[in-house]
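Residues per chain, in single letters:
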Amino acid sequence: MTTQRIKFYQTGTYTAGNRLLDDEARTVQSRLDRTNSLNSGHRACQGCGEALGARYAIDAAMKASHNRLIAVNATGCLEVFSSPYPESAWQIPWMHSLFGNAPAVASGVAAALRAKGHEHVKVVAQGGDGATVDIGFGCLSGMFERNDNVLYLCYDNEAYMNTGVQRSGATPPFARTNTTQAVGEAPGNLLGTGKNVPRIAMAHGIPYVATASVADLHDLEAKVTTAMGMNGARYIHIHVPCPLGWGSDPAHTLKVARMAVESGLFPLFEARSGAVVDRTRIRRKVPVERYLELQTRFQHLFKPQRDREAIAAIQAIADENIATYGLRESGSL
Amino acid sequence: MRVQIEGSQAVAEAVVLCRPEVIAAYPISPQTHIVERLSRMVKQGDVGRCQYLNVESEFGALSVLIGASAAGARTYTATTSQGLLFMTEAVYNAAGLGLPIVMTIANRAVGAPINIWNDHSDSMALRDAGWIQLYAETNQEAADLHIQAFRLAEELSCPVMVCMDGYILTHAYEPIDLPDQAGVDAFLPAFSPVQVLDPSDPISIGAMVGPEAFTEVKYLAHRQHLRALTLVPEIAGAFEQQFHRGSGGLYAAYRMTDADTAVIALGSVIGTIKDTVDELRDEGIAAGCLKIGCYRPFPATQLRTALEGVSRVIVVEKDLAVGIGGIVSVDVRMALNGSPIPVHTVIAGLGGRSISTESLKQMVRDARAERLSEPHFLDLNVRVVDEELARRYEQRRAGPLAEQLIRAVNAIGTKVI
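If you're matching them up, the sequences are chains F and P in order. To convert, count from 1 in the first sequence and add 488; that's the numbering used here. To convert, count from 1 in the second sequence and add 1; that's the numbering used here.
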């Protein structure tokens with residue numbers, strides 16, 4: 489029998505294509521037995537990248553743990569839109585304590601499970617970028633360095649969206665937020681600020697760190713599945729566009745996310761014990777403008793006149809990522 | 002078993018007898034000896050499968066216990082002072098979620114100026130966070146209260162702070178009667194949580210509650226808290242029956258029958274006050290002492306009854322509510338609402354200042370002669386204060402207040418501790 493190897497892009501979409509795959513290679517989300525851990529009826533905005541990312545991530549974690557999963561959630565959009573009593577959208581044991589302590593609460597759940605001999609039950613913690621890179625950072629670092637048996641999922645939409653779009657430590661340079669407004673000299677968020685938490689997570693030497701994006705949900709599920717197959721502290725940083733905060737069309741959430749990946753601004757990679765072991769190659773590199781122009785938070789870079797210097801600075805960041813992670817190189821690392 | 006042991010070690014031993022499953026702690030003096038001993042005992046395998054987590058902050062410590070308790074584990078930590086304030090948000094959260102965590106507070110002053118010695122500013126700052134607060138008079142009581150605290154917390158699904166005076170108790174060696182394991186097992190049943198994170202019965206814990214039900218949730222928490230007013234004496238009674246030793250309870254009266262002056266306090270200073278009462282009685286002054294053992298919930302009705310017949314009440318408190326004065330005395334006044342009995346506030350022992358029987362006797366004499374200022378600061382160095390006030394009046398850029406006061410005190414050569 490002759491076979492033809494089908495690549496995703498040949499199907500005309502980056503997210504469909506399950507029907508062309510072997511059953512085992514299909515997404516968890518395409519299966520009849522998916523758990524719908526984050527059920528429909530929640531209150532996320534139209535086009536919410538975080539709701540999409542969480543749905544795929546937690547369903548994949550449920551499958552990997554044979555439906556024995558406890559989730560801890562930081563305060564934030566995900567917590568607020570999914571949980572108000574009595575309409576919780578969570579079909580799994582789920583707990584919210586505070587904004588800044590989700591990693592520690594998850595460590596506590598894991599410790600209790602070990603004390604009780606229930607190690608077959610797995611623990612995930614999840615939070616937005618504010619909860620992760622800013623207010624919960626101390627607890628996150630503590631959970632990492634103790635190598636507690638927790639998978640932490642950061643849904644990065646690059647600002648405090650739940651409180652109405654304010655700057656976080658994950659807000660990119662030049663982005664307009666309500667606390668980095670597009671006024672005065674150097675409008676938007678300052679170049680040279682912010683932190684790269686996946687790299688900081690790697691510096692802890694924890695077993696697994698990965699970045700993922702809703703642009704590639706297959707890859708997101710695969711990384712969650714990989715992480716769930718391991719023990720110790722694991723971290724996945726997921727890029728999730730926010731139409732409200734980014735000023736993008738809700739219909740363009742995946743497109744915006746894809747432009748971030750394809751431009752090199754959001755590199756997709758995996759690291760084990762502090763070393764990068766794999767990355768997703770960029771097939772067709774796009775200039776950063778293709779990403780920026782989809783979002784009104786960068787509008788001041790194009791109107792009233794083009795800010796060549798700023799766009800060049802953003803392009804330099806993308807190019808540096810491409811060089812650092814070998815995003816345009818063929819073969820394995 | 003009676004052993005000569007440090008207060009902290011006795012508390013650690015008592016906690017281990019309660020078979021905790023998760024302990025998380027962050028070091029801060031004077032709590033350290035408790036958690037050091039616990040870490041050793043867990044590592045040695047003396048505490049079953051108990052997990053001991055060295056965490057990155059007190060906020061992390063209590064947060065770990067919030068998760069562990071919600072997952073059905075019996076949990077414990079200890080802290081004090083800045084550490085307690087640093088975990089404030091989690092303190093409220095644990096109570097709001099109804100998680101029966103037990104935490105020792107090795108009572109210590111709160112800065113600035115930084116001060117590691119004893120007073121009650123720390124636990125008083127969080128008196129309204131929804132935790133039950135028990136105060137130990139002696140190390141024996143501190144050890145016993147922990148065993149009672151787990152039973153109380155788990156029966157009510159409400160967290161409990163056991164407060165013991167830093168250094169005065171935590172670092173004092175005394176003969177302590179440690180209960181045996183069989184006795185504690187008989188007294189303290191296994192933890193049976195009212196809510197638990199369990200994949201076979203998924204629930205959401207800690208979701209949002211809007212204005213339509215928030216008042217009712219809080220009201221029921223208040224009702225549940227007040228149940229401790231019945232349970233604390235019940236559990237103290239059961240403890241006495243099991244171990245043949247009185248410990249705990251809402252309050253304790255000393256020579257209060259026929260007393261005209263009642264001195265109210267919490268914690269280890271009660272011992273000094275009892276001595277003072279004895280000496281005053283020898284002078285012919287009818288003084289008595291009332292110890293508050295359970296401060297939250299506040300046993301207002303019980304105290305009102307216990308104070309019937311006295312002519313005046315003096316509340317000696319190791320805390321200060323800046324801008325008003327006392328904290329405990331405000332509650333005592335509320336307990337005596339409508340009664341003509343005057344209540345005096347005496348601020349004493351701040352930042353570890355010794356409270357002497359001489360000063361306390363003078364305080365009672367002054368109160369009886371209606372010479373007590375309101376609030377009265379026991380042993381206040383008036384000369385140093387007046388000099389500093391004068392200096393500050395003359396000089397705008399007067400510099401750090403605390404440093405100037407230390408210089409002034411040293412210049413005068415007064416021994417204040």
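Hint data in this document are derived by calculation from the structure and do not stem from the laboratory. Honestly, I wouldn't trust all of these hints.
Here are the computed distance ranges between Cβ atoms for each label pair [said to hold, decoys possible]:
1. P/P114 / F/F790: 51 to 59 Å
2. F/P574 / P/S357: 54 to 62 Å
3. F/E607 / P/D47: 18 to 26 Å
Only part of the chain F face toward chain P is listed, based on derived beta-carbon distances under 7 Å [said to hold, decoys possible]:
4. Q517
5. R519
6. A552
7. R556
8. I558
9. W578
10. H584
11. N589
12. V593
13. G596
14. A599
15. G626
Here are some of the chain P residues that sit facing chain F, going by a computed Cβ distance under 8 Å [as the list claims (entries may be wrong)]:
16. E22
17. C51
18. L54
19. F60
20. G61
21. A69
22. A173
23. P176
24. L179
25. A191
26. P194
27. V195
28. M209
29. V210
30. E388
Note that the Cβ used here is the ideal one computed from N, Cα and C, for glycine as well.
(request) Would you check whether P/E388 satisfies its interface hint, that is, whether its CB is within less than 8 Å of any CB in chain F? (result) At 43 Å from the nearest chain F Cβ, P/E388 fails the 8 Å test, so the hint is violated.
(request) Closer than 8 Å between Cβ atoms is the bar; does P/V195 clear it against chain F? Give me holds or violated. (result) 15 Å, violated
(message) Min Cβ distance, F/R556 to chain P: is it shorter than 7 Å?
(response) 5 Å, holds
(message) Taking 18 to 26 Å as the stated bounds, is the beta-carbon spacing between F/E607 and P/D47 within them?
(response) The hint (18 to 26 Å, Cβ to Cβ) holds, given that F/E607 and P/D47 are roughly 22 Å apart.
(request) Please verify that hint: F/Q517, Cβ, nearest Cβ of chain P, below 7 Å or not. (result) 20 Å, violated
(request) Under 7 Å, Cβ to Cβ, is where F/H584 needs to be relative to chain P, so tell me if that hint holds or is violated. (result) This interface hint holds because 4 Å falls under the 7 Å limit.
(request) Mind checking the CB of P/G61 against every CB in chain F and telling me if the closest is under 8 Å? (result) Hint on P/G61: holds, closest Cβ of chain F at ~4 Å, below 8 Å.
(message) Does F/G626 hold up as a contact with chain P if the rule is Cβ-Cβ below 7 Å?
(response) 5 Å, holds
(request) With a cut-off of 7 Å on the beta carbons, see whether F/N589 makes it to chain P. (result) At 4 Å from the nearest chain P Cβ, F/N589 passes the 7 Å test, so the hint holds.
(message) Interface hint check: F/W578, Cβ to nearest Cβ on chain P, cutoff 7 Å. Holds or violated?
(response) With a closest approach of 5 Å, the F/W578 hint holds.
(request) Under 7 Å, Cβ to Cβ, is where F/V593 needs to be relative to chain P, so tell me if that hint holds or is violated. (result) This interface hint holds because 4 Å falls under the 7 Å limit.
(message) Under 8 Å is the threshold here; is the Cβ of P/V210 close enough to any Cβ of chain F for the hint to stand?
(response) 6 Å, holds
In the structure shown, a violation is registered for the earlier hints numbered 4, 5, 6, 22, 23, 24, 25, 26, 27, 30, in ascending order.
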